[in-house]
Amino acid sequence: MVDPKIYKFVLAGLEKTFNTAPSYYDKKVADSVGNQILNQSSFYPYFIHLFESDNNSGYWKDRISNTFNNELDKEDGLRPSDFWVEKFVSYSSPEYIKRYGLSFINGNCPWIDLGIKLNDNLKTFEVFEAIYSIVLERGWTDNRYKNILNRLVEESPLSLKLFVESNLFKSGKFGRPKPAVRGSLYAEYIKAGFLTKKTARKIRSDSSSEASLAGVQALIASEKAYDSYEDLLLCFTDSRHEYVVAELASNLPLYLISSLLGTEFSYAKSIIERRMTDGV
Amino acid sequence: MIETNVVNLVESLSEAGADDNILYKLATIGINSAFNSYRADREQLMQEFGELPKNIVFEMWDDLDSKIKVIYVDQNVASFKEWLKNG
Numbered sequence: 001m002v003d004p005k006i007y008k009f010v011l012a013g014l015e016k017t018f019n020t021a022p023s024y025y026d027k028k029v030a031d032s033v034g035n036q037i038l039n040q041s042s043f044y045p046y047f048i049h050l051f052e053s054d055n056n057s058g059y060w061k062d063r064i065s066n067t068f069n070n071e072l073d074k075e076d077g078l079r080p081s082d083f084w085v086e087k088f089v090s091y092s093s094p095e096y097i098k099r100y101g102l103s104f105i106n107g108n109c110p111w112i113d114l115g116i117k118l119n120d121n122l123k124t125f126e127v128f129e130a131i132y133s134i135v136l137e138r139g140w141t142d143n144r145y146k147n148i149l150n151r152l153v154e155e156s157p158l159s160l161k162l163f164v165e166s167n168l169f170k171s172g173k174f175g176r177p178k179p180a181v182r183g184s185l186y187a188e189y190i191k192a193g194f195l196t197k198k199t200a201r202k203i204r205s206d207s208s209s210e211a212s213l214a215g216v217q218a219l220i221a222s223e224k225a226y227d228s229y230e231d232l233l234l235c236f237t238d239s240r241h242e243y244v245v246a247e248l249a250s251n252l253p254l255y256l257i258s259s260l261l262g263t264e265f266s267y268a269k270s271i272i273e274r275r276m277t278d279g280v
Numbered sequence: 001m002i003e004t005n006v007v008n009l010v011e012s013l014s015e016a017g018a019d020d021n022i023l024y025k026l027a028t029i030g031i032n033s034a035f036n037s038y039r040a041d042r043e044q045l046m047q048e049f050g051e052l053p054k055n056i057v058f059e060m061w062d063d064l065d066s067k068i069k070v071i072y073v074d075q076n077v078a079s080f081k082e083w084l085k086n087g
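The listed protein sequences correspond, in order, to chains S and U. Take the first sequence: its position 233, counted from the start at 1, is 233 in the numbering used here, and no numbers get skipped. Take the second sequence: its position 15, counted from the start at 1, is 15 in the numbering used here, and no numbers get skipped.
It is possible that part of the hints are untrue.
Computed cross-link-like contacts, DMTMM-like style, restricted to lysine to aspartate or glutamate with a CA-CA straight-line distance of at most 25 Å [as the list claims (entries may be wrong)]:
#	chain 1	residue 1	chain 2	residue 2
1	S	Lys269	S	Asp238
2	S	Lys197	S	Glu242
3	S	Lys161	S	Glu126
4	S	Lys170	U	Asp62
5	S	Lys269	S	Asp227
6	U	Lys54	S	Glu242
7	S	Lys5	U	Glu59
8	S	Lys5	U	Asp74
9	S	Lys5	U	Asp65
10	S	Lys173	S	Asp142
11	S	Lys5	S	Asp62
12	S	Lys269	S	Asp231
13	S	Lys170	S	Asp120
14	S	Lys5	U	Glu48
15	S	Lys198	U	Asp20
16	U	Lys81	U	Asp63
17	S	Lys197	S	Asp142
18	S	Lys123	S	Asp76
19	S	Lys117	S	Asp142
20	S	Lys5	U	Asp20
21	S	Lys5	U	Glu43
22	S	Lys202	S	Asp120
23	U	Lys67	S	Asp3
24	S	Lys5	U	Asp41
25	U	Lys69	S	Asp231
26	S	Lys5	U	Glu51
27	U	Lys69	U	Glu59
28	U	Lys81	U	Asp62
29	S	Lys198	S	Asp142
30	S	Lys191	S	Glu264
31	S	Lys197	S	Glu230
32	S	Lys161	S	Asp227
33	S	Lys5	U	Asp19
34	S	Lys146	S	Asp238
35	U	Lys69	S	Asp31
36	S	Lys5	U	Glu15
37	S	Lys178	S	Glu242
38	U	Lys67	S	Glu210
39	S	Lys173	S	Glu210
40	S	Lys5	U	Asp63
Hints listed in this document are in silico derivations from the structure and should not be mistaken for laboratory results.
Work out the full structure, taking the sequences as your base and the hints as a guide.
Dropping the structure here:
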């Protein structure tokens, strides 16, 4: 056992390593010592002390969760022990996310990100709804929203189908989102294989060029998911958005391109002309 | 954090089997960062560091900031001069 005379310095070292703003010195020295310690159960009393004294004023949650988030991205990175999994998973409950979701969506609270990654029994739909309600107010999307949307599609595609159909194609629980958000939902809905002629026409008629284009691009990227792919594409040919028609002009099979010949959009016309001349 | 809590907390780490080398490394990080900080008890910490037994400082020496090494020598100048005198 070490001499008790150094206890005070040990604690100062722990605080420097885990509970202060990161600095150049940390990158050189403290971070490597920190990584050695994180999963050692003999240091858990210190980490328990951090959790117990949690008043959201320290740096420790940021530093430790950022460390694990970075390590999880590495193939052979440090994996959190069960101790950490249990601690961080508690930050991924829908209730916690409702409370701190705005800060999370604004790029803070990396511990929520870590909790979501580590939680094998995440209440994905409730968490998605909590984040969606914030994105709805803000009007634009970001990676954290996209990550939870992707996870929802992966784990429960039918929930996404019902959500899109009841909130975008009808007036549901949530108000009408901004174009970027509508576009992201259309894209996932289409990639998951749920598009029908009826819903294709609804996306075609979306008042936003951005949202409608996201739908067409997703359909073009999901050709194999649909037996009636060409019929679905043709639902978009009378779109009133130039970008949508131009996208179709570039991607429709040549034998269907005649369906766009009546278009008034000059850019789309030039693409059609070039493709018909080149025969591709 | 009050003094008794510091002692209890670090003692519990030591009792839980924390590796002595890691504890010395942490202590070194602690003193190095205290020296470069504006913390209120900086002077007191440096004073206490100067009073640490040589065998403890020996464990930390390689990773100490060179300015702190000078401070330690200054605070233990009699021993240092004795060592010089004896060649």
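| request: For the pair we were handed, Lys67(U) and Asp3(S), check the Cα-Cα distance against 25 Å. | output: 23 Å, holds
| query | Keeping to a limit of 25 Å between CA atoms, is the pair of Lys5(S) and Glu51(U) held or broken? | reply | 10 Å, holds
| Lys269(S) and Asp227(S): Cα distance at most 25 Å? | 28 Å, violated
| Given hint Asp19(U) paired with Lys5(S) - CA-CA distance at most 25 Å | Holds, at about 16 Å.
| query | Given the proposed pairing of Lys5(S) with Asp20(U), does the C-alpha separation stay at or below 25 Å? | reply | 13 Å, holds
| message | Hinted pair, alpha-carbon criterion (25 Å max): Lys269(S), Asp231(S). Please report holds or violated. | response | The given pair, whose Cα atoms are some 21 Å apart, holds under the 25 Å limit.
| query | Taken at face value, is the distance from the CA of Asp238(S) to the CA of Lys269(S) at most 25 Å? | reply | 14 Å, holds
| query | Are Lys178(S) and Glu242(S) close enough, with their CA atoms no more than 25 Å apart? | reply | Measuring from Cα to Cα gives roughly 19 Å; hence the hint holds.
| field | Lys197(S) paired with Glu230(S) [C-alpha distance capped at 25 Å] | value | 11 Å, holds
| Straight-line Cα separation of Lys5(S) and Asp65(U) no greater than 25 Å? | 20 Å, holds
| message | Next pair to validate is Lys67(U) with Glu210(S); report whether the Cα-Cα distance is within 25 Å. | response | 61 Å, violated
| query | Taken at face value, is the distance from the CA of Asp63(U) to the CA of Lys5(S) at most 25 Å? | reply | Status holds; Cα separation ~18 Å.
Of the numbered hints given earlier, the model fails hints 4, 5, 6, 11, 13, 15, 17, 18, 22, 25, 29, 30, 34, 38; all others are met.
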